[in-house]
Amino acid sequence: MKTFISIYLKLSVGTLLVVIAPSLEAQTLDSILIRKDIDTSASVLNMDAAYNRPFLTADKMPVSLGGYLEANSIYSTEDGVTEGLSFQARRLTLFMSASISKRIKFLSEIEFEDGTKEIGIEFAALDVAFHPVLNFRGGIIMNPIGAFNQNHDGPKWEFVERPDVAVNMLAATWANAGFGLYGKAHKGNWVLGYEVYLTNGFNNSITDNEENKTFLPAAKANEERFEESNNGRALFTGKLAIKNRKIGEIGFSYMGGIYNKFEEEGLILDEERRLDVFAIDFNTTIKKTGTYIVGEIIFINIDVAETFTQQFGNKQRGAFVDIVQTVLKKEMFGWKEATFNIAARLDYVDWNIGTFKETGTEIGEDLWAISPAISFRPSAQTVFRINYRYQWQKDILSNPAAKTATWLFGISTYF
Amino acid sequence: MNKVCIYLVFLCCLFLVACDKTSPVAPEENELLDGPIEGLTTQQQIQFLKGDEAFADVFTINEGLGPLFVANQCASCHPGDGKGHPFVQFTRFGQSDTLGNQFMTFGAPQLQNKAIPGYQPEVLPTGATFTSLIAPAVTGLGFLDAVSDADLIALSDPNDMDGDGISGRPHWNTIPSYVQLRPNSISKNGKYISRFGKKGAAYDLLHQTSGAYNQDMGITSLFEPIDVFSLLEIDPEVNTETVRNVVAYLKTLKQPLPRDVNSGDVILGKQIFSDIDCAKCHSPQLTTGISPIEALSNKTFFPYTDLLLHDMGVGLDDNYTEGFALTSEWKTPPLWGLGLSKDAQGGTCFLLHDGRATSIESAILMHGGEAVQSKNKYLLLSESEKTQLITFLESL
Chain A
1 MKTFISIYLK LSVGTLLVVI APSLEAQTLD SILIRKDIDT SASVLNMDAA YNRPFLTADK
61 MPVSLGGYLE ANSIYSTEDG VTEGLSFQAR RLTLFMSASI SKRIKFLSEI EFEDGTKEIG
121 IEFAALDVAF HPVLNFRGGI IMNPIGAFNQ NHDGPKWEFV ERPDVAVNML AATWANAGFG
181 LYGKAHKGNW VLGYEVYLTN GFNNSITDNE ENKTFLPAAK ANEERFEESN NGRALFTGKL
241 AIKNRKIGEI GFSYMGGIYN KFEEEGLILD EERRLDVFAI DFNTTIKKTG TYIVGEIIFI
301 NIDVAETFTQ QFGNKQRGAF VDIVQTVLKK EMFGWKEATF NIAARLDYVD WNIGTFKETG
361 TEIGEDLWAI SPAISFRPSA QTVFRINYRY QWQKDILSNP AAKTATWLFG ISTYF
Chain B
1 MNKVCIYLVF LCCLFLVACD KTSPVAPEEN ELLDGPIEGL TTQQQIQFLK GDEAFADVFT
61 INEGLGPLFV ANQCASCHPG DGKGHPFVQF TRFGQSDTLG NQFMTFGAPQ LQNKAIPGYQ
121 PEVLPTGATF TSLIAPAVTG LGFLDAVSDA DLIALSDPND MDGDGISGRP HWNTIPSYVQ
181 LRPNSISKNG KYISRFGKKG AAYDLLHQTS GAYNQDMGIT SLFEPIDVFS LLEIDPEVNT
241 ETVRNVVAYL KTLKQPLPRD VNSGDVILGK QIFSDIDCAK CHSPQLTTGI SPIEALSNKT
301 FFPYTDLLLH DMGVGLDDNY TEGFALTSEW KTPPLWGLGL SKDAQGGTCF LLHDGRATSI
361 ESAILMHGGE AVQSKNKYLL LSESEKTQLI TFLESL
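First to last, the protein sequences are chains A and B.
First residue of the first sequence? That's 1 in this note's numbering, and the numbers climb one at a time after it.
First residue of the second sequence? That's 1 in this note's numbering, and the numbers climb one at a time after it.
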């Protein structure tokens with residue numbers, strides 16, 4: 001895995017040099033490289049996000065490069081106690097796409113999180129288009145559950161933190177080895193997209209981990225999932241998205257399968273246990289005010305052994321919604337289309353829905369947060385953002401919530 | 001352009017002011033159970049932090065949880081160092097006489113009511129008597145640990161010589177080989193005074209902690225190496241240093257601090273508490289002897305317990321015993337921190353050994369045996385006196 005990444009890095013840096021070096025002598029970079037911006041046309045769906053990024057390419061070169069960086073400072077106070085001020089280099093993501101031949105293309109995305117603490121291939125897949133409604137994709141893919149998992153690039157958002165439901169309940173960004181089909185169809189104002197994939201999946205850690213709660217992201221630590229399925233059972237992910245160019249997009253997705261290791265070398269270890277995740281995502285812009293609203297609602301059902309501790313719940317749900325309002329858009333400081341946005345996010349996650357067997361009272365383990373934000377975008381690709389986040393988090397017993405206030409100042413930019 | 005800048009600055013200021021106003025403030029020191037006692041050395045504080053972390057450590061199956069267990073973390077039963085919730089309550093089983101537990105081959109004393117996938121939890125063997133226990137708070141235990149044996153003997157009155165109906169005796173028990181005797185410990189026929197646990201059956205915090213790792217989480221240690229599933233000795237699943245850090249943490253966890261001490265009702269309630277003899281068992285004040293931890297040496301503190309066993313009557317008699325306690329005998333629980341119990345137990349308090357009382361008043365009404373006269377005096381109080389007494393207890 002590590003060697004693969006390093007080879008890959010050498011390759012991509014190498015390609016970059018090959019692309020640029022010979023021509024540097026004669027011309028300036030700007031005149032050779034072509035910047036391909038994000039397509040904001042109405043037929044774009046969340047499922048297009050992987051390819052729909054600003055790329056840099058050179059004339060006649062079949063390879064495009066891009067990436068983004070996110071960094072911020074953070075100051076938070078939990079119940080009056082602060083850890084002080086920290087600076088975080090959250091992530092550096094590099095992507096490279098290549099047109100291999102007609103209707104065959106390749107895209108890869110490599111992410112360095114928290115410096116080089118976590119290095120992961122988020123995406124590395126081959127796409128073959130047989131027809132607009134029938135495309136094949138295989139390799140390391142991002143499971144199309146909800147919209148954030150596919151469409152998560154930092155510069156697209158007004159908030160430094162990713163939505164809690166996406167990262168702390170779903171496992172965003174959740175990528176796996178596998179393959180599947182996708183396609184899109186248009187008619188009038190309507191765009192319809194579908195995706196179906198089979199991939200490797202989760203493992204026992206989601207119901208047995210140090211978070212002490214059912215926690216899908218725990219499976220991200222399992223690097224083996226790129227090499228081998230934990231239990232020989234594929235994880236199915238399917239999504240249907242509908243967009244009306246005048247109204248907005250709504251997506252319905254499902255991801256599920258047997259998650260636990262139930263047998264080894266023919267010997268039974270446990271019964272087969274299922275995980276089922278349902279998601280609804282939506283985004284729309286209110287015409288009159290230009291207010292952009294985007295959000296996601298997730299429901300998870302999971303079979304946890306009856307004899308195991310109730311710390312690990314068998315039902316979860318969560319949601320987030322962002323409301324973004326542009327308050328100023330004009331030439332500022334010499335940037336033609338600079339914008340000022342104000343925004344607010346609501347986060348909600350309940351990791352353990354149900355009641356205690358012993359008392360019949362509600363199980364806690366939930367979180368609410370509200371985050372007002374101000375952002376400044378010199379151009380669409382770069383964002384400076386100030387966020388304030390106020391969070392209430394309850395333990396499993398619903399004891400008085402721990403309250404946390406956090407200031408975040410950050411930048412995020414495509415490059 | 002200027003307008004934009006002004007706009008920007010104004011917006012940021014508004015934002016800063018609005019948000020700063022709403023930053024969460026720290027709760028008062030006397031609203032919280034966790035935190036170290038005052039006057040620790042840097043070294044002791046470092047060990048406190050390590051123990052704190054280990055107390056919150058979640059055991060996963062890979063780290064040795066189970067195969068049979070009750071909970072996976074000290075803190076899940078003692079949340080915020082406070083009392084536990086019925087969802088992690090456990091059952092101990094054995095018999096009603098003091099001849100030693102005859103159900104050891106069935107996994108006694110503790111019923112392992114949870115199991116990791118692939119295993120089945122234990123079921124209660126026929127013929128065994130049992131009790132159900134809810135976790136007590138673990139605060140201020142270093143003070144209780146440092147009270148001298150001589151003081152406890154002086155408080156006791158096993159034969160009720162003063163004729164007040166309240167006897168109270170130390171739990172003279174056999175002790176495991178790994179514990180270290182406390183300074184000036186007194187022995188009687190090879191037995192020593194044990195003082196932790198609901199029946200006071202654990203000698204010290206190492207005894208209680210190793211037992212907790214083993215019986216509550218299925219985690220073996222150097223001290224308690226027998227696996228609860230196989231009943232055979234296995235390698236330690238928690239290292240000795242961690243166990244010692246947890247013990248040091250428990251020893252140096254601060255005592256709960258009272259609130260509203262100057263309120264009129266609290267002062268009157270405190271008087272009533274003595275007048276109706278609650279204080280005869282729930283001894284308001286104790287003094288520590290010498291302790292290797294300077295901050296615990298020769299200190300006066302206010303736990304509202306005498307650490308002695310009392311016969312609490314048939315109502316609280318579960319027909320099960322430990323060590324040499326009678327089935328009807330329970331160690332007086334400290335009442336410090338009583339008013340904060342519900343903040344750890346999810347909003348409702350669960351009092352008495354098995355959490356059967358969900359209010360302070362119902363706990364009082366369930367007192368019997370040696371406490372029956374005291375309870376009767378409570379029943380004779382006027383409504384306002386009762387309120388004052390409860391207000392006092394809530395302030396602890």
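Treat the hints as calculated values from the structure; they're not laboratory data.
These numbers come from a predicted model, not from an experiment.
No residue lacks a Cβ here, since even glycine has one placed at the ideal position from N, Cα and C.
Do not rely on the hints blindly, as some may be mistaken.
[Unchecked claim] Far from chain B, some chain A residues (derived; all Cβ distances over 10 Å): (1) Pro132; (2) Phe308; (3) Thr309; (4) Lys315.
[Unchecked claim] Rough simulated footprint, nothing fancy, chain B against chain A, three-plus residues with beta-carbon under 8 Å: (5) 70-84; (6) 390-399.
Hint numbers not upheld by this structure, sorted from lowest to highest: Violated hints: 2, 3; rest satisfied.
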